[in-house]
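J.: One letter stands for each residue in the lines below.
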Amino acid sequence: MTIGILKETKKGENRVSISPRIAKQLIDKGFNLIVEDDAGVDSSFNNKYYREVGAQIEQRGVVYKESDVLVMINPFNEDDLKLVNEGQVLISQLYHQSNPELIQTIASKKVSAFSMDAMPRISRAQEMDVLSSQSNLAGYKAVILGAYLMKKILPLMMTAAGTIKPARVLIYGVGVAGLQAIATAKRLGAIVAATDIRPETKEQVESLAAKFISVEGPQETSGDGYAKEASEDYAKRQREAVNKELFRSDLVITTAMVPGKKSPVLITKKQVERMKNGAVIIDLGAAQGGNCELSKLDKTIFYKGITIVGTTISPESVSTHASDLYSKNMYNFIMHLTENNELKWDLEDEITDSTLIVHKGEIRKP
Amino acid sequence: MTIGILKETKKGENRVSISPRIAKQLIDKGFNLIVEDDAGVDSSFNNKYYREVGAQIEQRGVVYKESDVLVMINPFNEDDLKLVNEGQVLISQLYHQSNPELIQTIASKKVSAFSMDAMPRISRAQEMDVLSSQSNLAGYKAVILGAYLMKKILPLMMTAAGTIKPARVLIYGVGVAGLQAIATAKRLGAIVAATDIRPETKEQVESLAAKFISVEGPQETSGDGYAKEASEDYAKRQREAVNKELFRSDLVITTAMVPGKKSPVLITKKQVERMKNGAVIIDLGAAQGGNCELSKLDKTIFYKGITIVGTTISPESVSTHASDLYSKNMYNFIMHLTENNELKWDLEDEITDSTLIVHKGEIRKP
Amino acid sequence: MSTALALIYLLSTVSFVVGLRLLGHPATANKGNRLAAGGMGLAILSTLFLHELEVPVKIYLLIGGAILLGGIVGALMAVNVKMTKMPELVSLFNGFGGASAALIGLVEFGKGAGDPQTAATITAGVVIGSLTFSGSLVAWGKLDGRVKSTVFIPQRNIINNLVLVGSIVLAVLLALGVVQDPVWIYVLVAAGLLYGILFVLPIGGADMPVVISLLNSMTGIAAAITGVLYSNKLMLIGGILVGSAGLILTFAMCRAMNRTLIAVVFGAFGEEAQAGGEARTVGGTVRKTTASDAAILLNYAKDVVIVPGYGLAVAQAQHVIHELEQLLTERGVVIRYAIHPVAGRMPGHMNVLLAESQVDYGLLVEMDDINPHFPQTDVVLVVGANDVVNPAAHNDPASPIYGMPILEVEHAKNIIVNKRSMNVGYAGIDNELFYNSKTAMLFGDAKAALTDLVAELKKL
Amino acid sequence: MSTALALIYLLSTVSFVVGLRLLGHPATANKGNRLAAGGMGLAILSTLFLHELEVPVKIYLLIGGAILLGGIVGALMAVNVKMTKMPELVSLFNGFGGASAALIGLVEFGKGAGDPQTAATITAGVVIGSLTFSGSLVAWGKLDGRVKSTVFIPQRNIINNLVLVGSIVLAVLLALGVVQDPVWIYVLVAAGLLYGILFVLPIGGADMPVVISLLNSMTGIAAAITGVLYSNKLMLIGGILVGSAGLILTFAMCRAMNRTLIAVVFGAFGEEAQAGGEARTVGGTVRKTTASDAAILLNYAKDVVIVPGYGLAVAQAQHVIHELEQLLTERGVVIRYAIHPVAGRMPGHMNVLLAESQVDYGLLVEMDDINPHFPQTDVVLVVGANDVVNPAAHNDPASPIYGMPILEVEHAKNIIVNKRSMNVGYAGIDNELFYNSKTAMLFGDAKAALTDLVAELKKL
Amino acid sequence: MSEWTDFFTSNQDLIFVLILAIFLGVELIKNIPAVLHTPLMSGANALSGVVVVGAILVMLNADPNNYLILGLGFVAVVLGIINVVGGFAVTGRMLNMFKKNGK
Amino acid sequence: MSEWTDFFTSNQDLIFVLILAIFLGVELIKNIPAVLHTPLMSGANALSGVVVVGAILVMLNADPNNYLILGLGFVAVVLGIINVVGGFAVTGRMLNMFKKNGK
Ligand SMILES: NC(=O)c1ccc[n+]([C@@H]2O[C@H](COP(=O)([O-])OP(=O)(O)OC[C@H]3O[C@@H](n4cnc5c(N)ncnc54)[C@H](OP(=O)(O)O)[C@@H]3O)[C@@H](O)[C@H]2O)c1
Ligand SMILES: NC(=O)c1ccc[n+]([C@@H]2O[C@H](COP(=O)([O-])OP(=O)(O)OC[C@H]3O[C@@H](n4cnc5c(N)ncnc54)[C@H](OP(=O)(O)O)[C@@H]3O)[C@@H](O)[C@H]2O)c1
Ligand SMILES: NC(=O)c1ccc[n+]([C@@H]2O[C@H](COP(=O)([O-])OP(=O)(O)OC[C@H]3O[C@@H](n4cnc5c(N)ncnc54)[C@H](O)[C@@H]3O)[C@@H](O)[C@H]2O)c1
Ligand SMILES: NC(=O)c1ccc[n+]([C@@H]2O[C@H](COP(=O)([O-])OP(=O)(O)OC[C@H]3O[C@@H](n4cnc5c(N)ncnc54)[C@H](O)[C@@H]3O)[C@@H](O)[C@H]2O)c1
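Residue numbers (the working numbering), protein chains in the order written: chain X, 1 to 366; chain P, 1 to 366; chain L, 1 to 460; chain B, 1 to 460; chain C, 1 to 103; chain H, 1 to 103.
Accuracy of the hints is not assured; some may be wrong.
Here are the computed lysine-lysine pairs in the DSS-like style, where the Cα-Cα straight-line distance is at most 27 angstroms [to be verified]:
hint : chain 1 : residue 1 : chain 2 : residue 2
1    : H       : LYS30     : B       : LYS31
2    : B       : LYS458    : L       : LYS288
3    : P       : LYS304    : X       : LYS24
4    : B       : LYS458    : L       : LYS458
5    : L       : LYS31     : H       : LYS30
6    : B       : LYS458    : C       : LYS30
7    : P       : LYS48     : X       : LYS269
8    : X       : LYS11     : P       : LYS299
9    : B       : LYS459    : L       : LYS447
Rather than coming from a laboratory, the hints here were simulated on the basis of the structure.
Could you put together the complete structure from these sequences and hints?
T.: Here's what the structure looks like:
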């Protein structure tokens with residue numbers, strides 16, 4: 001079976017779906033690997049690293065022609081799809097719920113397509129869960145980005161030139177990214193508070209020695225590890241509970257998402273206006289509309305002394321490690337899907353079933 | 001006595017020499033304060049904050065006209081000096097040893113000038129030592145900048161998608177900035193090593209739980225807390241001792257300086273070529289020529305996969321706190337110089353003596 | 001008594017005292033045991049050979065034979081018993097001691113009771129000796145499985161007390177000479193035996209060690225009483241030492257099990273040790289342990305692996321675990337942390353935690369590297385982890401975590417698990433590891449439990 | 001002896017044993033003291049009133065008078081003595097006890113020595129009693145400053161031993177009846193007195209507590225000997241308890257001072273306690289303390305301030321200090337950290353350090369805020385700080401740090417300073433704080449010393 | 001009543017010994033680590049076998065022709081010795097489990 | 001020689017008492033925190049005043065006309081009582097220093 005590794009075409013994307021280390025592991029298992037020219041260069045993986053482990057470097061066209069399986073990180077776009085051939089298998093993140101037309105196009109090409117972001121949230125799938133592995137890095141990098149943009153430092157310092165009070169950091173949404181953001185901000189010495197709609201996150205926040213801001217009144221419950229959409233009533237109570245902390249925060253990182261839905265708006269324009277002069281908001285929910293009313297994807301907005309960064313770019317900015325982790329997820333996924341180097345199409349299996357969006361031209365998930 | 005606070009004119013400079021908090025303290029002591037319009041805006045200190053504590057906001061010309069003492073952070077330049085009047089007192093960093101012409105011009109204006117960077121390194125002067133207070137922030141920000149630029153993360157993480165090894169950080173020069181850089185990188189979970197020409201720094205490095213790289217053979221000694229210039233022999237031995245660590249480092253921060261001299265070149269082009277693909281060098285010594293052969297002040301250079309940042313900008317980037325600390329140093333200095341709100345010109349005093357570069361038009365320090 | 005004999009007795013007494021003292025510390029216990037044994041041997045031999053009266057050779061031969069016989073039997077029993085069967089053997093031996101005391105009483109009574117005090121001494125010795133004998137035998141039988149579990153006797157407390165009061169009344173009557181027929185002394189023996197049986201029979205198997213210790217203390221008292229009879233200081237002091245030490249030990253054992261002596265003797269009706277919380281589908285018994293036992297186990301191990309989990313983070317016990325690790329390292333234990341990739345609640349959770357307490361990165365081992373090593377590991381200390389060490393991932397295809405790679409700690413020689421209760425972890429499933437016969441559960445908040453552990457370790 | 005008296009003596013003996021045991025723990029020591037005192041009172045009264053022989057009223061009056069007189073004098077002395085003078089008072093009291101024993105011996109000898117054993121007992125009592133008397137008086141005088149410092153006697157060991165051997169020979173001769181003239185018993189008393197003086201005189205003042213404890217142990221032995229004389233168990237056991245406990249205590253005190261008993265008695269020629277390292281310009285004596293003393297001081301304080309310095313970082317003791325802080329907080333001590341702006345070697349050094357061990361930010365207090373608070377602080381614990389608490393910054397215009405603001409810990413009620421030696425800090429100047437009479441130095445690496453401190457604290 | 005006070009008076013020494021021994025036993029055992037409970041119990045059990053000295057005395061003082069006494073005494077000695085020998089041996093085995101190579 | 005073995009034999013009880021008391025003393029005192037050393041020394045000193053019982057016995061048994069003995073006895077009682085009363089009182093004062101308000 002030949003696996004083709006494509007260079008990402010999305011702007012700002014630095015990652016690559018298979019790193020040289022994982023390429024070696026796949027080759028050792030008996031797979032053929034074709035890597036598009038310079039696919040890894042933005043993750044510090046030059047062509048020579050791939051050659052050293054036994055992969056072939058080819059131009060884009062060749063990769064499309066000779067591969068059985070094509071892997072990418074970002075969704076295949078219209079241009080990419082022009083090059084695919086019937087019977088090929090595509091693996092990438094597809095966000096099929098928000099991209100129905102794309103799924104249609106893929107189906108029309110009579111290919112099969114797996115979506116990495118549809119991975120079920122079960123313990124044994126954790127090693128293939130790219131959302132987890134990438135969000136984790138995003139959480140870290142969001143704090144680094146915030147610290148970089150801030151005109152203040154995070155830790156407490158009592159010095160001969162006076163005392164610098166520790167920065168206050170507020171995290172909205174304590175999923176994978178939120179937790180790592182808490183940990184990173186704590187490490188840097190900030191005073192960290194966090195809030196989430198899922199009450200079970202309180203203990204998790206406290207396990208990182210940060211403060212949890214509970215929302216009074218009836219709680220929303222979660223089922224499969226993901227959050228449900230919040231009621232308007234809840235959103236109001238949440239604002240009341242968090243405002244005191246928000247208005248004295250120096251850095252705010254928002255990561256709240258509801259899968260398949262627009263991100264909830266947690267910080268309104270009115271709230272921003274009451275924030276501390278010089279504060280920074282990093283909105284990691286920007287791609288799904290943003291948790292802050294003012295944020296715009298991939299833009300940095302200055303509004304009345306407040307800096308608002310709408311981004312998803314964080315994992316791309318630590319592309320070496322992000323690619324490493326993505327590759328490892330991909331490796332585990334390929335291992336799960338194949339037997340003797342061939343796909344086994346075990347549709348009974350929960351993981352295969354959930355991730356296989358298009359099967360030989362037929363759409364399995366709406 | 002009226003103190004005039006000028007807006008910094010240097011490009012990229014965001015700080016202000018007196019923050020509103022310190023302005024209040026000075027006013028409480030009985031000083032008059034005139035602040036140039038928007039002087040603090042880049043440190044998140046709007047005019048209104050100054051007005052609230054009782055300072056006057058005026059245009060530049062007014063400030064120059066009405067003040068007895070003019071304070072700034074960066075050296076007064078030719079343009080500034082055109083506006084000063086005989087008998088005024090200037091306080092800022094002057095770097096008089098490297099700027100003899102500037103000192104001449106100042107003297108020709110028949111004014112007096114104190115240089116904050118000439119502060120003696122004695123215990124009781126520590127509270128007025130702006131080099132210390134600013135280097136400290138520079139050390140912190142250098143790590144944040146490095147972490148921001150890196151394509152890797154600093155901490156160790158053992159995750160379902162594989163293990164990320166901790167980044168290796170190497171610090172050259174363990175002065176104030178170097179120590180804070182060590183502490184910050186350690187906090188973020190990196191493996192940190194450091195080297196310095198002064199042997200007493202070994203214990204200090206170890207007191208932050210980092211590794212010290214000792215240079216074999218005869219040691220150079222230090223006298224007044226500052227380093228002496230290293231011999232060529234020492235430099236060679238140093239390269240040998242550090243190379244192993246350098247070539248596997250992901251982030252290198254250089255802070256080595258010798259007061260009044262060009263910064264020593266510690267990383268040659270040849271060495272850079274053998275560094276790890278993707279590594280980042282932050283050269284805080286760039287203003288005095290740089291510790292890395294390739295670095296250029298205020299430039300980011302990409303050389304064979306290595307990113308080299310030549311900068312002094314770090315404290316400016318945390319302008320709120322940097323201004324706060326600078327102001328406090330300034331406050332302590334003004335308190336030291338004055339009695340009943342008037343300058344007492346106690347030339348016997350070590351601090352006054354060392355910092356007073358030009359006295360009523362006469363140059364005291366070559 | 002000859003001066004020499006008296007001196008030797010004095011020496012033996014001292015050896016008992018010092019021996020007991022040394023027995024109280026792991027490092028010197030062996031020496032203490034040998035010292036006490038030496039003192040005892042000396043006392044027995046000199047009793048034989050420094051006896052002042054003329055004794056016929058026949059009797060010497062008989063005694064010699066008895067000693068030889070007893071010595072060989074005792075030694076063989078001790079050497080051949082399985083490690084796990086030792087407590088029941090101790091119980092059996094203890095019963096023999098009691099029987100010996102009772103027999104002496106019988107003989108002396110047969111010689112004709114002297115003054116009331118002597119008679120009182122004799123009857124006391126007989127009652128105590130015989131009840132220890134029968135009680136110890138029952139305890140032995142229960143531990144050994146010969147006596148089937150707990151026997152329920154209705155109204156047992158009333159019956160027991162009746163028998164006890166009856167024995168005492170009889171003993172007093174005998175002592176005062178009110179009852180004189182020698183038959184009554186046999187009745188007394190019978191009453192003592194009966195009481196011993198009634199006393200031990202209803203007590204649960206898990207409490208047997210406490211009972212044995214209590215009976216042991218009584219044997220000591222019986223020996224002391226016999227000492228009074230012969231004005232023999234050695235027996236008196238030796239017996240009393242055992243009596244008081246045994247009693248304190250009994251209380252200490254109760255405390256270590258979190259029970260009162262009253263509860264052991266009268267209350268707990270054959271219930272087995274039950275852990276708090278709710279065990280779900282997986283059955284079996286749970287073995288609880290104490291900080292001090294766990295400390296000894298770790299101290300005498302050569303190779304220890306710590307498995308941290310989410311509970312370590314919840315308890316914020318990262319600093320204590322590091323202290324424990326350093327302490328063990330100082331004592332020459334090879335120690336490492338096994339980090340499961342999904343331990344905790346976020347990727348790298350354990351790394352953040354352990355980095356904070358400055359645990360050396362070199363000590364953190366990944367799952368795939370440590371798994372082959374567990375069979376050589378002496379002790380695995382699982383702290384607040386659950387799912388990541390759940391063997392159901394391998395064994396139970398129906399389990400939601402089936403197929404997830406885990407840390408295979410069940411292959412280690414000993415397993416200590418610290419968590420607060422039997423509650424489940426993130427995946428919400430029960431963990432058969434906790435019911436493994438190699439597993440000892442150290443219940444409690446991780447920070448508190450590890451702090452105790454460190455304190456105990458420092459005492460060693 | 002009447003049964004009642006015997007019973008009371010038994011009771012008293014038990015009260016002594018239990019009393020001593022309770023005295024060994026800070027929480028129960030007071031109770032122990034009262035219990036032992038009660039037992040003693042009981043014994044004295046019943047000796048008087050349960051005496052079986054006919055005794056003339058005159059004698060009763062005399063005894064009563066003596067008790068009244070002694071009681072009043074003793075009580076007055078005890079109540080009026082200054083806190084700091086207590087050890088010398090104990091020494092004086094101890095001497096009186098010895099004298100009492102010697103006097104009893106004299107009287108009994110006067111009645112005519114009976115068999116050699118009795119005579120031996122008497123002479124032993126006389127010698128020991130009189131040497132304790134004179135030795136205790138000398139010790140008292142030295143502590144009190146009445147006897148001027150150390151007196152140098154050439155060849156003292158030889159002379160001492162000659163006197164000792166002479167006394168023993170004389171005592172034996174008297175016991176065996178070889179020497180019979182009653183004058184010799186007075187010579188014996190004189191010899192005992194002389195030996196006591198010679199024994200104590202050359203020992204340094206700092207070692208006096210050890211000597212007093214040793215002499216105390218001897219008084220106990222003298223009392224026990226007197227007990228043998230009268231076959232009085234109470235005196236025998238009470239005396240022996242004091243004798244053996246006193247001896248162990250003596251060793252313990254030596255250990256706490258890091259010395260051997262031999263060194264105290266024969267070696268150290270009047271040298272005062274000297275700390276390691278090199279003290280420079282500032283003079284005075286340094287008071288050393290132990291982890292256990294420091295622990296008690298902290299435990300019974302209400303308000304404690306910790307001053308961390310560069311040494312805390314060098315020792316990487318941030319986790320232990322946090323543990324100490326938490327432990328004290330649990331016990332109701334109000335505790336804070338005073339952070340000097342230039343403590344350590346970089347701005348914020350202490351902050352980085354304490355943040356790592358998760359010390360609550362709220363507990364860190366800036367210099368200007370804490371300085372006014374020191375006069376109300378019970379104990380300041382300085383850990384590895386030096387320059388930042390050096391009063392020379394205020395007092396000594398010649399000092400290179402003159403004018404630097406410092407943490408004014410010298411105003412606190414007690415100061416404990418932990419560092420490894422008397423070495424200087426960054427500024428390279430000596431620190432008179434260490435010679436302050438309120439300061440106790442806890443020498444050792446900060447991590448090790450604090451770990452000990454925590455361990456001791458947990459014992460309380 | 002007086003019989004008992006007499007008993008007390010005449011056995012005073014014994015009673016003092018008894019009291020002291022009780023206290024000593026208590027002091028010796030308190031603060032024992034739990035893991036030593038079982039070996040200590042076993043060791044104490046062996047010590048309680050000191051009753052065998054009494055059994056030997058019975059035999060030594062026995063009328064050589066009173067076979068009942070001889071028999072009972074014989075059994076008493078055998079049982080007592082088993083207690084002693086077995087007790088110390090088992091304790092030794094238990095304690096050996098604590099030994100550590102190279103420590 | 002035999003005198004001394006006789007002495008041992010006849011005073012056996014006393015000697016056992018002595019040995020036990022010595023051990024008991026040792027066990028009671030070991031592991032005392034250093035800060036209690038001084039109070040404990042003081043308490044032990046008070047206990048050693050038990051010698052006053054002997055002094056009282058001397059007086060009680062004295063010939064009412066032997067003034068030397070009466071005098072010596074009187075002094076012995078006075079000194080002994082000072083030791084006892086003063087000793088316990090001082091110990092009490094020392095221990096009071098440990099008391100903590102509200103604890
Ligand atoms: N790492 C990740 O990225 C990630 C993300 C999401 C989910 N997960 C899941 O989380 C689980 C992680 O496994 P795990 O073994 O670390 O944790 P776990 O299975 O959740 O078990 C943690 C155990 O710690 C105990 N505990 C809680 N607080 C404690 C305290 N204060 N002191 C002592 N014990 C305490 C609990 O038992 P008691 O209540 O009886 O004390 C609990 O059983 C896996 O199922 C994994 O799939 C991981
Ligand atoms: N904060 C800054 O930015 C900065 C920068 C440069 C210089 N300084 C200067 O550094 C000084 C700081 O004062 P400081 O009181 O913190 O420190 P210090 O005056 O240097 O004293 C530190 C003391 O700690 C003791 N010590 C060292 N290692 C130890 C260990 N392992 N365990 C226990 N004690 C140990 C040393 O005594 P032993 O050797 O006897 O143990 C030493 O006297 C000031 O003079 C300040 O001006 C500060
Ligand atoms: N068991 C597994 O294998 C596994 C794998 C990965 C993640 N997870 C778990 O899944 C959960 C979701 O993780 P994620 O990072 O993908 O979540 P996500 O990115 O979908 O959402 C981020 C967080 O935002 C929160 N949120 C949503 N709406 C909110 C609102 N209105 N107000 C406040 N907070 C709001 C969510 O509760 C969630 O915690 C986590 O608990 C994670 O630990 C489990
Ligand atoms: N006592 C005080 O009041 C006071 C105040 C501030 C700073 N200081 C001390 O002064 C010292 C200097 O601090 P700084 O930050 O201003 O120093 P700096 O900025 O002048 O130099 C930075 C570091 O570079 C090192 N260096 C120079 N040449 C080198 C070479 N060839 N190789 C390796 N390293 C080299 C120096 O030793 C120094 O540690 C520090 O020890 C600091 O603690 C003291």
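J.: None of the hints should be skipped; say for each whether it holds.
T.: Cross-check of the supplied hints:
Proposed proximity of LYS30 of chain H and LYS31 of chain B is supported: the alpha carbons are some 19 angstroms apart, at most 27 angstroms. At most 27 angstroms may separate the alpha-carbon atoms for a hinted pair to count; LYS458 of chain B and LYS288 of chain L meet this at roughly 25 angstroms. For the hint pairing LYS304 of chain P with LYS24 of chain X, the CA-to-CA distance comes to about 24 angstroms; that is within 27 angstroms, so the pair holds. Distance check on the hinted pair: LYS458 of chain B and LYS458 of chain L sit about 12 angstroms apart at the alpha-carbon level, within 27 angstroms; holds.
The straight-line distance between the Cα atoms of LYS31 of chain L and LYS30 of chain H is roughly 20 angstroms, inside the 27 angstroms bound, and the hint therefore holds. Between LYS458 of chain B and LYS30 of chain C the CA atoms are separated by roughly 18 angstroms; this keeps the pair inside 27 angstroms, and the hint holds. About 22 angstroms separates the Cα atoms of LYS48 of chain P and LYS269 of chain X, which keeps this hinted pair within 27 angstroms; it holds. Using a Cα cut-off of 27 angstroms, the hinted pair LYS11 of chain X and LYS299 of chain P holds, with the two alpha carbons roughly 24 angstroms apart.
As the CA atoms of LYS459 of chain B and LYS447 of chain L are separated by approximately 19 angstroms, the hinted pair is consistent with the 27 angstroms bound.
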